[in-house]
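Number of protein chains: 2
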Amino acid sequence: MQFQLTDELIEQVERLVENQNDKELQKLLKEFHYADIAEVLDELNLEDAVYVIKLLDSETTSDVLMELDEDNREKVLKNLSAKEIAEEIEELDTDDAADIISELPEERQQEVISKIEDEEHKAEITELLAYDEDTAGGLMAKELVKVYETWTVAGCLRRIRGQAKEVTRVHSIYVVDKQDKLIGRLSLKDLIVAKNEKKIADIYISNVDYVEVNEDVEDVAKVMAKYDLEAIPVVDENQTLLGRITIDDIVDVLKEEADKDYQLAAGITQDVEADDSILELTRARLPWLVLGLVGGVGAFLIMEGFQESFKEKAILFFFTPLIAAMAGNVGVQSSAIIVQGLANDDLRGSINSRLIKEMLLAALNGVILAIFLFLFVWFYKGELDKALAISISLIVVIIVAGLIGTFVPLFLNKRGVDPAIATGPFITTSNDILGILLYFWIAELIINIYN
Amino acid sequence: MQFQLTDELIEQVERLVENQNDKELQKLLKEFHYADIAEVLDELNLEDAVYVIKLLDSETTSDVLMELDEDNREKVLKNLSAKEIAEEIEELDTDDAADIISELPEERQQEVISKIEDEEHKAEITELLAYDEDTAGGLMAKELVKVYETWTVAGCLRRIRGQAKEVTRVHSIYVVDKQDKLIGRLSLKDLIVAKNEKKIADIYISNVDYVEVNEDVEDVAKVMAKYDLEAIPVVDENQTLLGRITIDDIVDVLKEEADKDYQLAAGITQDVEADDSILELTRARLPWLVLGLVGGVGAFLIMEGFQESFKEKAILFFFTPLIAAMAGNVGVQSSAIIVQGLANDDLRGSINSRLIKEMLLAALNGVILAIFLFLFVWFYKGELDKALAISISLIVVIIVAGLIGTFVPLFLNKRGVDPAIATGPFITTSNDILGILLYFWIAELIINIYN
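Quick note, the sequences are listed as chains A and B, same order. Under UniProt numbering, the first residue of the first sequence carries the number 1, and numbering increases by one thereafter. Under UniProt numbering, the first residue of the second sequence carries the number 1, and numbering increases by one thereafter.
Just so you know, the hints here were simulated from the structure itself, not pulled from any lab data.
With a cut-off of at most 25 Å between alpha-carbon atoms, the simulated DMTMM-like pairs for lysine to aspartate or glutamate come out as follows:
{"id": "1", "chain 1": "B", "residue 1": "LYS78", "chain 2": "B", "residue 2": "ASP48"}
{"id": "2", "chain 1": "A", "residue 1": "LYS226", "chain 2": "B", "residue 2": "ASP271"}
{"id": "3", "chain 1": "A", "residue 1": "LYS189", "chain 2": "B", "residue 2": "ASP228"}
{"id": "4", "chain 1": "B", "residue 1": "LYS260", "chain 2": "A", "residue 2": "ASP259"}
{"id": "5", "chain 1": "B", "residue 1": "LYS226", "chain 2": "A", "residue 2": "ASP252"}
{"id": "6", "chain 1": "B", "residue 1": "LYS78", "chain 2": "B", "residue 2": "ASP118"}
{"id": "7", "chain 1": "B", "residue 1": "LYS178", "chain 2": "B", "residue 2": "GLU143"}
{"id": "8", "chain 1": "A", "residue 1": "LYS226", "chain 2": "A", "residue 2": "GLU143"}
{"id": "9", "chain 1": "B", "residue 1": "LYS146", "chain 2": "A", "residue 2": "ASP190"}
{"id": "10", "chain 1": "B", "residue 1": "LYS222", "chain 2": "A", "residue 2": "ASP275"}
{"id": "11", "chain 1": "A", "residue 1": "LYS255", "chain 2": "B", "residue 2": "ASP259"}
In isolation and in its complexed conformation, chain A is listed as follows (with noise of 0.2 Å):
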């Protein structure tokens, strides 16, 4: 049953548009779900695309819209008319609807509104355009099913039919008071459940989850996942009803994150896919390779620095990867396990108690480590002092490593930085250069001491 994109129905597809088959074109697309047909469209070319688009039916070319990738959709609607893209918004609910005007350019979404018949349906997106899209409000749709607490269960359900056709699925249903402040929910099970006279005031259920309009929508998702909830109330400071967010949105936000910050930890800023262009990749990797550069720049002229007192030691040289690796490696880790804890609101306790929580976890990993390493170099080299010099300063730079990716994510967040950015190069590059710094620095001055 499930669906498998395969280079087969690709050139299959290929060769229909090539032919102009039009019927069996129309005839294989309509097995697929929009999702599929999305797929399919997202690996041809530009103009094939557009002619597969103008031959579906107008409300599956909406939802194939939706779903194709950004860059693709980009490209698809340029070949549109503002008369047909506002064709396809009238199809669509209104959060899809305020997304794909959204991206076009300004003086097109002017052009695209005006040309929306349904009046209510245009202002309900122009409505949704003004919120910012990273907040709740950007991410609502106006479709919903609202009761007011004076209606019979008759009478709901009677108007419940009419409002249910515009929204795809019903969730809960919306109990709101005479000035449609929300005040409770009811589901569809309850409803039908109760007598047909009962009064909504005596069934529904007081204890609502909802939002503000204007909450972020990584806080939204918190609450959604951490409550089980399928769908969330949206209200102004008001309590007013103004939309619902639903869970299939929220998974999109959560994979987004995900994403984002998984790329953040390996030093590529913006979001790309594997798929993009050289161009975009290398925008999006360059920064943290430069400052990688400065890094190892800044550990060169450390090491030039130390020349001198290290003529005759130079084996303390050959050892400058390991005490950068060790360093940061341990960085990460210790600002990677910071960062989700924020991400997922399990930090408890002053930073205080943090950090000597993490001095204590790398003086045990930084004792482990450094045995090995002293057995090996005193083996290896027989020399002792050499041997503990760098031992005891690989402790001190895994101590500082863990404070440092400890302390620099708890800090960003306090000052409102997403913490995200602190793991990977970041932390990497700083702890490199002071790492290599405390090395040499310890190292000498042990073998002054030993000697």
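Use these hints to put chain B onto chain A, whose structure you have.
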């Protein structure tokens, strides 16, 4: 409205427990959602937590237990008798019940199961326990609303009122034939809108998504996210309807997967949280650090091997941290993009075309970075031969690092190994060593040619 976990609240609960003020405590906790109570309990010591749990009514207790942190749940369950656990299990949906039982030690599992009084519940839980936890079977619940195609709408509504009591949320109504084979679906809305005397066979939608019971949970998540599903039925190889999976469980799967991949990329091998014990955290971190140590020793041996030929060229050694850092960063960037592409199924085309693209990308980045480095060394030291040697080797090192970062996750994936393991320390360490080796080889070659 939103719950805030404050130190004051925790202290208040602790005080009430200490004074054994059960009435106040019950009154306070009654206000909270079970997920919030679980958050409070996660902060209490075990004794207090068990005290509070025994005070809650049985339905709340079972929900709270499900939401507790896994480590805390294990401890709390140790303090409950098999009979007490069985009573909580009776209140839970089959999927949650099976999850809790599967966490118990082997010998306790049988004891708890034998104490479950509801025979049907017991049989269903036993069935679920047989499935692998990473498959659709391990995630599904037996609770669902099922109707036969031969029923009428009126009969259906009557029976659904019965079945739906067990089902917290009715997503879809699944339509089966006489042999219990899944043949379609219906929404509650469709049912309400239809005439009472219609047959289900006349109104059901035969186009229904489903997954097989042995399918991997990650694939289930992909299907549900792609088609925006809120629930999906699970069938066996004969298409017999076995259970259903709801989106809230998928949200948890997505979060766990994202957390795991993030930790792997940061060099943390087990699922740990910032609040785990130092020993657990050490166990999760040490393996990759030891790998880093071995890599560092490898780098040491390489540099030692080259020391004779570079007696007079200490400057080359001072750039090894830079070379190692660049090799590591480029490798992590490449592998992260590939790992993500594999996870999201957006990688198409052959391995060769990927490698060629990555080579071009790395070459572009490498040339830009090498120009910076060349200018620095040339102006700062005035030694053209070394400036050339260092910057040309940097380009080669970056290209090779990019290729390894691309190839390794693709190779692991082909072999059926989770490619996420390839980002982070694994790539960093292998690229460090190889990068340094290449660097010295090429630098030596160039300096020899030049002079």
